[in-house]
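Student: With the hints as your guide, set chain U onto chain C.
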Amino acid sequence: MSWRAILGVVALNAWFLVVGVGVLFALRGWRSWGELARLCGLAYMLGIAATAVVLVWALVLTVPFSVATVIGAGALVALVAALAGGRTGRRLPSRPRPRVPGWSLVATVSAALVVVYCEAQFRAGRLASLTEFDGWFFWVAKARAIFSFGDLDPQFFRELPHHGYPPLVPTLEAAAMRFMGSADVVTLHLQFWFLLVGFVAALVGLLAPRVRPLFLWPPLLLVLVTPRVSGYALQAQADFLLEELLAVAALLIGLWLVDRSDWQLVAAGIVLAAAMLSKREGALFGACVVLAGLGATWRQRRTAWPRLVGVGVAAAAATLPWWILLHVRGLGAETPEAGGIGLFSHLDLAWPSLKLTFSTLFDYHQWLLVVPVAALAIAGAFVAGARRLPSYALLLFVFGAAALTYTTWAFPSIPITKAPVNPIIRLTGWLVLVTPAVIPLVLNEGWDAE
Amino acid sequence: MAAAVVVATGFGLGYYAQALSHLGDTASANSRLSYEDREIGGGNSIVVDQEAAYEARGLIPPSARYRVVTGGRLRNATSLTGSFVDGWYRSFLIPRRRSPTASWVICYGCDIGALGGAYTVRWQDANGISIGEVR
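Those protein sequence lines, which keep their order, are chains C and U.
For the first sequence, our numbering assigns the number 1 to the initial residue and increments by one for each residue that follows.
For the second sequence, our numbering assigns the number 1 to the initial residue and increments by one for each residue that follows.
The shape of chain U in the complex, shown without the other chains:
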């Protein structure tokens, strides 16, 4: 029992400074992030362009439906973009609902001709991401 107390005390005190140092480093790193970096969080390794996320939130009305369409024309995509961009927007854009037939489209290098109508672009960037409406 004494051994348990000695080991716990020794390692607890020994790692205490390291834990505080780690927490201090984390606090410093977090404070250096921009507002957008913090809010987008895990999405930073997915969305390619933070502005696309904010434009989507600004352009698509809260009561509207939208769809995320991906394709091969996207530039600077990460290995996670194709698999997770839809899921990330689903969380970020709540209360907007997803629908496969929605008129609002978040296009990630998608084939615009396959969207099913005339596509009016409201915002786009150089990576091949655009946000618009299909009529």
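Isolated chain C (complex conformation):
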């Protein structure tokens, strides 16, 4: 709760940004320094995703966890990125020339509203206590164990609940604790503030030059002011980080559908790898993103599918060291109680699970009208004659809803309810956060088709 702790979190996230700029240089470079400034949000998300994945690998390999490890992991990522960028002959642009950006009134006012909102989130999170059950029960407990022992301590990771959950979020929290100098569970919430701001900046940076301001800002503002996001986005657990990563990946694949630039797929792969190492559901929802991309490229499947499948496989492969460690330690992967054919033994749960998914997605008290807005936008774009991006968005929501239904159906011991004992409200957030990432593209394509 001290200034030193806050400065520690700032330093850690500045480091993630530096690493991410290196990754961005390798992936696409930038034509001007203004363009780099615009893409800082994406760079930050790439930096945090790539560094955190390497840190998880380091923990699996029993590399002692410290500030030096965090810096070393980031430096390794940046070095590999710089070498890759250098080999492709990428060059930095000439000196920056100060220029006032030509923002529209809508963009200026909306950006100001978002900045004020983020400031309010900072104040709310600055002195927040660790009240969230899963947070103190195992997410932050795991982070404390990594912080204290410098490794994935066998006793704690066996005894703590949900030992099979991938450890990216506790690793990230432990990195924040290392930089803060203590296991400060109050200031820890600011790490999640940085993630929220990075997510918003990534969306705005990627979408601003491509879509009209009226298509970009209203969906973003709507999602930010939902009771769920404004009340829970800074919780010290994995849900929002998972959803932010998935939304950025969905956006990058959506952009790839338009541009077919390979860097977008590589970036999506990095972000998806981090998502899959954040929560078990990351693999399921990540597969939905890839499947939606496959569906949207049905006509170009010969050229598109190998690339998209490659992204999914590469991201999943990044999680292998963790699953191998679980196997070596004789710990189960905590797979669903009724996964696979077990679902057929609980067919009676299918319809109630689907109903729960839809009633949660359309729950006004949680998500306002985000999903109806997305549905209106997709339908409108189809009517206007657009096909590619509305199809992608529609498939995202269809596969996403099916995956959410599965998360209830495959766990017969969990009551079918919106009460906290069932994580459905937290999980539906991934489709809600996908909305401001993908729907602006859909609206823009629909408008152009009209």
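The set of hints was computed from the structure by calculation and includes no laboratory data.
Among these hints, one or two may not hold up.
[Unchecked claim] Short, incomplete list of chain C residues facing chain U, as computed with Cβ under 10 Å: (1) P96; (2) R97; (3) L127; (4) T131; (5) A141; (6) G181.
[Unchecked claim] To give an idea of the interface, some chain C residues facing chain U are shown, with a C-beta separation under 8 Å as derived from the structure: (7) A317; (8) A377; (9) F382; (10) G385; (11) G446.
[Stated by the list, open to error] Distance windows between CB atoms, simulated: (12) Q18/U - R91/C: 56 to 62 Å; (13) V116/C - S99/U: 48 to 54 Å; (14) Q155/C - I112/U: 26 to 32 Å; (15) C118/C - S34/U: 23 to 29 Å; (16) E119/C - Y35/U: 55 to 61 Å; (17) R91/C - S63/U: 37 to 43 Å; (18) R97/C - S31/U: 39 to 45 Å; (19) P154/C - A3/U: 36 to 42 Å; (20) L76/C - L59/U: 27 to 33 Å.
We put the beta carbon where it would ideally sit given N, CA and C, even for glycine.
Tutor: Leaving out everything else, chain U in the frame of chain C:
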């Protein structure tokens, strides 16, 4: 499509003030909490006595092992104490490790006679919580 933009704009702006107000209220409520309230967080509805948590951290050496033993002699317990007090201490007391045979005991209304040795109390409160060593 226009409808989607209109609805998003209307509800986004309409709820903006409410969201800011909520966040402001949260910030005010958080700033009114004591240092202990913030650090113990979810444990406030479990541990019964915040001092017990801090005494446990102060008395039990970081390299020592401990056990949390619950029993029927606890006063002012909440509905969550019995089920979650062990799990909460497990997180709060890291790097101290749990062991069912540890000499350090955090006793929540426990049966002292069943601890398996002479119990030296180092700290106790009026709720029936004590911290001590079994020899």
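Student: Work down the list of hints and note, for each, if the structure agrees.
Tutor: These are the hints, each one checked on the structure:
Restraint check, P96/C versus chain U: the minimum CB separation of about 34 Å is more than 10 Å; hint violated. Given hint, R97/C at the interface with chain U, is violated; its Cβ is 35 Å from that chain's nearest Cβ, farther than 10 Å. With its C-beta approaching chain U no nearer than about 4 Å, L127/C sits inside the 10 Å limit, and its interface hint holds. Restraint check, T131/C versus chain U: the minimum CB separation of about 5 Å is within 10 Å; hint holds.
Taken as an interface hint, A141/C checks out: its beta carbon lies about 4 Å from the nearest beta carbon of chain U, inside 10 Å. Violation of the interface hint for G181/C is found here, the shortest Cβ-Cβ separation to chain U being roughly 15 Å, above the 10 Å cut-off. Here the hint on A317/C is broken, as its CB sits about 32 Å from the closest CB of chain U, past 8 Å. Contact between A377/C and chain U, as hinted, is supported at the beta carbon level, the nearest pair being about 4 Å apart and thus within 8 Å.
This hint is violated: F382/C has a C-beta 10 Å from the nearest C-beta of chain U, more than the 8 Å allowed. Contact between G385/C and chain U, as hinted, is not supported at the beta carbon level, the nearest pair being about 11 Å apart and thus beyond 8 Å. This hint holds: G446/C has a C-beta 5 Å from the nearest C-beta of chain U, less than the 8 Å allowed. Checked against the hint of 56 to 62 Å, the C-beta distance between Q18/U and R91/C comes to roughly 49 Å, which is inconsistent with it.
About 51 Å separates the C-beta atoms of V116/C and S99/U, a value consistent with the hinted range of 48 to 54 Å. For the pair Q155/C and I112/U, the beta carbons lie near 27 Å from each other, so the given range of 26 to 32 Å is met. In this structure the supplied range 23 to 29 Å holds for C118/C paired with S34/U, their Cβ-Cβ distance being about 27 Å. In this structure the hint that E119/C and Y35/U lie 55 to 61 Å apart at CB is violated, the actual value being about 24 Å.
The given range of 37 to 43 Å is broken by R91/C and S63/U, whose C-beta atoms sit roughly 55 Å from each other. Distance hint for R97/C and S31/U: a CB-CB separation of about 44 Å, consistent with the stated range 39 to 45 Å. In this structure the hint that P154/C and A3/U lie 36 to 42 Å apart at CB is violated, the actual value being about 56 Å. Between L76/C and L59/U the beta carbons are some 42 Å apart, a value that contradicts the proposed interval 27 to 33 Å.
Going through the hint list in order, the structure does not satisfy hints 1, 2, 6, 7, 9, 10, 12, 16, 17, 19, 20.
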